[in-house]
Amino acid sequence: MNETLQSIQEKVASGGLEKYHESNRSKGKMFVRERLQRLFDDDLNIEDAFFANCMDGSLPADGVVTGIGKINGEQVCVMANDSTVKAGSWGSRTVEKIIRIQETAMKLEVPMLYLVDSAGARITDQVEMFPNRRGAGRIFHNQIKLSGRVPQVCLLFGPSAAGGAYIPAFCDIVVMVDGNASMYLGSPRMAEKVIGEKVSLEEMGGAKMHCSVSGCGDVLASDEEEAINYARRYLSYFPSNFRSAPKRTETIDPPELEKSIAELIPQNQNAPFDMYQLIERLIDEKSFCEIKKKFAPELITGLARIDGRTVGIIANQPRAKGGVLFPDSADKAAKFMQLCDAFNIPLLFLVDIPGFMIGTKVERAGIIRHGAKMLSAMSEATVPKISVIVRKAYGAGLYAMAGPAFEPDACIALPTAQIAVMGPEAAVNAVYANKIAALDEAERPAFIKEKQEEYKENIDLYRLASEMVIDDIVQPERLRQDLMLRFEAYQSKNVTFTERKHGVYPV
Amino acid sequence: MTEIKASMAGSVWKIVAQAGEQVGTGDDIVILESMKMEIPIASEEEGTVKELKVAEGDFVNEGDVIAIIE
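Which chain is which? The protein sequence lines are D and X, in order. Quick note on numbering: this note's numbering labels position 384 of the first sequence as 384, and the sequence is numbered without any gaps. Quick note on numbering: this note's numbering labels position 64 of the second sequence as 64, and the sequence is numbered without any gaps.
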């Protein structure tokens with residue numbers, strides 16, 4: 001054994017000074033090599049540029065670990081900042097290491113994971129790491145190139161500052177550890193100096209804020225272990241790259257629950273119910289892996305398994321904001337559908353939607369272009385798509401949720417479904433406003449009721465089935481079975497959406 | 001003390017928990033009516049309804065304070 005080599009190896013593997021390790025421990029942060037040990041089935045199997053900057057002596061591995069290991073038996077590439085080394089900041093070798101492992105992920109076509117815990121650029125090294133062809137910009141360029149080709153996952157354990165904040169931004173999913181993770185372009189100190197704003201880090205760029213308000217975070221984890229376990233679980237729903245399909249697992253039927261699907265769904269279209277309970281009854285037991293749970297809760301998005309096959313679920317949640325679509329929920333849906341479509345994950349739409357929100361606030365927020373974004377992503381998705389009309393599907397809500405015009409492989413309805421431009425109350429108000437106003441107050445209720453009944457007959461579900469608007473009406477208790485058969489049948493779907501370079505997206 | 005805010009614009013359709021009542025996390029305090037839908041506004045914590053800021057029929061905008069829980 002070569003003793004010089006061994007001593008350098010030990011020094012590098014131990015990271016920065018003990019005081020930084022201690023400070024991390026006090027915040028509930030693991031050492032980077034421990035994180036990697038827990039993340040992988042065994043450990044990081046291959047590590048390159050372990051000796052980066054070893055001549056310096058004070059910058060072990062130049063503050064980042066890069067290499068290849070196995071998760072759920074599959075190879076993945078990783079970069080992981082070491083915050084005990086100059087706060088995980090980026091020097092020129094740090095950047096080169098990150099670029100190289102991204103290039104490896106691209107060549108091998110395997111997922112790329114980013115374990116971020118970094119203060120940002122080392123200003124002292126800026127000429128070497130910032131502006132040139134293989135400067136930090138190339139990291140983002142590579143991420144954009146990798147996007148949709150291989151899954152990209154970000155686990156945010158600490159800060160992700162300034163330019164570094166774009167690493168999470170270009171990932172498919174960002175898991176943030178509550179209390180420690182943050183993302184911001186300018187620190188609170190900078191905000192105070194430059195624009196005069198006084199604000200705390202947590203308020204401006206904390207994990208809770210990003211996972212519930214900005215939507216830059218997808219999953220809020222209470223500690224690092226939870227974040228790591230989520231990432232391992234998340235990847236089990238994905239193939240290694242866009243060329244393959246997710247692996248099928250064993251089918252686990254959902255448990256028998258007290259309330260049947262029919263008992264769960266209220267007859268009154270205007271009354272809320274909890275969509276999670278319907279999802280639970282349709283998918284394999286405990287297979288729901290939710291994304292953006294705390295952001296725009298009026299729309300639920302998550303991965304699940306039906307008959308052991310991965311599906312992406314997009315479901316309106318009448319329990320939150322009536323299930324109405326807002327700019328944020330449209331954004332949430334658009335990204336989720338792109339994610340699923342990129343990696344050959346079929347989509348299941350569970351529809352109970354009064355429409356898109358109206359009013360000054362949302363118009364000023366650009367709800368039309370955000371809604372258009374959702375429709376684009378849905379329309380362009382060429383994976384199998386099944387739209388289940390659970391209850392109401394009004395107006396553009398029907399379109400956004402893969403209505404018949406958008407070539408779903410099937411649009412099927414439960415007996416409680418109601419498809420229309422708008423609900424009976426709104427429609428009668430719109431059509432007969434003048435007439436209602438002209439009537440005596442005493443005569444109005446009877447007139448309104450009569451017209452509403454007429455309207456309901458006009459949009460009767462069996463009439464729509466007779467006109468072949470919908471492909472089938474399904475008994476609620478048969479729905480899971482039906483979805484299993486359909487997803488199996490649609491597996492071989494092979495279509496190209498259209499020929500062109502790319503669309504001009506309404507972002 | 002927590003402020004319970006309206007999740008979206010609408011009118012107050014029904015008050016479920018009156019001032020002084022005990023509520024648990026997830027218990028409805030008021031139900032709004034918006035987009036022809038019933039929109040329950042639930043308490044985010046356990047406590048007592050200290051004050052109701054709205055009456056039935058009031059219009060509320062997104063973010064308006066509906067009740068204070070203590």
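Simulated from the structure, these hints should not be mistaken for laboratory data. Cβ atoms here follow ideal geometry from the backbone N, Cα and C, with glycine treated the same way. Among the clues, some could well be false.
To be verified - No farther apart than 27 Å at their CA atoms in a straight line, the calculated lysine-lysine pairs in the DSSO-like style are these:
#  : chain 1 : residue 1 : chain 2 : residue 2
1  : D       : K145      : D       : K501
2  : D       : K293      : X       : K5
3  : X       : K5        : X       : K50
4  : D       : K247      : X       : K36
5  : D       : K208      : D       : K193
6  : D       : K361      : D       : K145
7  : D       : K449      : X       : K36
8  : X       : K36       : D       : K451
9  : D       : K435      : X       : K50
10 : D       : K456      : X       : K36
Stated by the list, open to error - Residues from chain D that keep clear of chain X, each with C-beta distances beyond 12 Å, as calculated:
#  : residue
11 : P131
12 : P266
13 : N270
14 : E285
15 : A320
16 : V324
17 : V362
18 : S379
19 : R478
Results of checking the hints against the structure:
Among the hinted pairs, K145(D) with K501(D) is consistent with the structure: their alpha-carbon atoms are about 15 Å apart, no more than 27 Å. Straight-line distance between C-alpha atoms of K293(D) and K5(X) comes to about 19 Å, which keeps the hinted pair within the 27 Å bound. Straight-line distance between C-alpha atoms of K5(X) and K50(X) comes to about 14 Å, which keeps the hinted pair within the 27 Å bound. Taking the CA atoms of K247(D) and K36(X), the gap is near 43 Å; set against the 27 Å cutoff, the hint is violated.
With a C-alpha separation of about 25 Å, the suggested pair K208(D) and K193(D) falls inside the 27 Å cut-off, and the hint holds. Using a Cα cut-off of 27 Å, the hinted pair K361(D) and K145(D) is violated, with the two alpha carbons roughly 36 Å apart. In summary, the hint linking K449(D) to K36(X) is supported, as the alpha carbons are separated by about 16 Å, within the 27 Å threshold. The straight-line distance between the Cα atoms of K36(X) and K451(D) is roughly 17 Å, inside the 27 Å bound, and the hint therefore holds.
In summary, the hint linking K435(D) to K50(X) is not supported, as the alpha carbons are separated by about 45 Å, beyond the 27 Å threshold. In summary, the hint linking K456(D) to K36(X) is supported, as the alpha carbons are separated by about 16 Å, within the 27 Å threshold. In this structure P131(D) is separated from chain X by more than 12 Å, as the shortest Cβ-Cβ distance comes to about 43 Å. The claim that P266(D) is not at the interface with chain X is violated, since a C-beta of that chain comes within 12 Å of its own (minimum 10 Å).
Listed as outside the interface, N270(D) is inconsistent with that label: its C-beta sits roughly 5 Å from the nearest C-beta of chain X, within the 12 Å cut-off. For E285(D), the non-interface assignment is confirmed: its Cβ lies about 24 Å from the closest Cβ of chain X, beyond the 12 Å cut-off. Some Cβ of chain X comes within 12 Å of the Cβ of A320(D); the nearest lies about 7 Å off, and the non-interface call is violated. Distance to chain X contradicts V324(D) as a non-interface residue, since its nearest Cβ pair spans about 5 Å, not more than 12 Å.
The non-interface label for V362(D) is inconsistent with chain X: the shortest C-beta to C-beta separation is roughly 9 Å, within 12 Å. A cut-off of 12 Å between C-beta atoms confirms that S379(D) is not in contact with chain X; the least separation is 24 Å. For R478(D), the shortest C-beta to C-beta distance to chain X comes to about 28 Å, beyond the 12 Å cut-off, and the non-interface label holds.
Hint compliance for this structure: hints 4, 6, 9, 12, 13, 15, 16 and 17 are not met, and every other hint is.
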